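Chains A and B, in that order, give the protein sequences.
The opening position of the first sequence corresponds to residue 13 in the working numbering, with each subsequent residue numbered one higher.
The opening position of the second sequence corresponds to residue 913 in the working numbering, with each subsequent residue numbered one higher.
Watch out, some of these pointers could steer you wrong.
As a list, the in silico DSS-like pairs of lysine-lysine whose alpha-carbon atoms are at most 25 Å apart [stated by the list, open to error]:
1. K939(B) to K983(B)
2. K974(B) to K48(A)
3. K68(A) to K80(A)
4. K983(B) to K963(B)
5. K124(A) to K48(A)
6. K983(B) to K79(A)
7. K82(A) to K956(B)
8. K956(B) to K974(B)
9. K79(A) to K68(A)
10. K963(B) to K939(B)
11. K48(A) to K963(B)
12. K124(A) to K79(A)
If you're looking for bench data, these hints aren't it; they were derived computationally from the structure.
Bear in mind that the values here come from a model prediction, so they are computed numbers and not experimental data.
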Amino acid sequence: GEDVEQSLFLSVREGDSSVINCTYTDSSSTYLYWYKQEPGAGLQLLTYIFSNMDMKQDQRLTVLLNKKDKHLSLRIADTQTGDSAIYFCAEMEPSSNTGKLIFGQGTTLQVKP
Amino acid sequence: NAGVMQNPRHLVRRRGQEARLRCSPMKGHSHVYWYRQLPEEGLKFMVYLQKENIIDESGMPKERFSAEFPKEGPSILRIQQVVRGDSAAYFCASSTQTGDIQYFGAGTRLSVL
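For reference, chain A alone in the conformation it holds in the complex (with noise of 0.2 Å):
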């Protein structure tokens, strides 16, 4: 089966670290992405990373990844205002071979001043 959980809501005091988390059932899913929606906006690739790797980290995003445990999180150091948004996960279902994503009911991230 296919399905990407995570938890609805997350906040966090500006300057905090956020950590985001997203657990996903397809252990043979190849790319796993987070992706930003801000109010009324569409998506913004923000990172993806390859299930060969642990670790991806670009500026102040990190991304880990524990495959044996099928889970996935995203960390924002020195959160600000502007990171406020809804985060999803995102597989890539692999047994499809069309590249659908499959995502999770996204994150909102609430940061206070």
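Place chain B on chain A using the hints.
Frame of chain A, contents of chain B only:
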């Protein structure tokens, strides 16, 4: 290099009318995906098209919904005889090839009165 362009951004229809949503992929992209986002939910895959071909429509409702991606012009998602339950944000994404990174448009928000 323009991104994925969707129009209209907002569309209001009365029950029973038709809705036509357009998507122009990024330059050089020949693969288009349509996703639907119901209120407070993540995105759900609907259909995957390449030029002039529907490759995977497993997420598309069997009735009233159709999609095309002609040789010339944008991809069209068509919803006939809309009902209130069709109210959602419809996102288009494009990629250069199957399994490559998908870039999303800003979406069309359909409201059915």
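Against the structure, the hints:
no., hint, verdict
1, K939(B) to K983(B), "holds, 14 Å"
2, K974(B) to K48(A), "violated, 30 Å"
3, K68(A) to K80(A), "holds, 17 Å"
4, K983(B) to K963(B), "holds, 6 Å"
5, K124(A) to K48(A), "holds, 18 Å"
6, K983(B) to K79(A), "violated, 41 Å"
7, K82(A) to K956(B), "holds, 21 Å"
8, K956(B) to K974(B), "holds, 15 Å"
9, K79(A) to K68(A), "holds, 14 Å"
10, K963(B) to K939(B), "holds, 13 Å"
11, K48(A) to K963(B), "violated, 28 Å"
12, K124(A) to K79(A), "violated, 33 Å"
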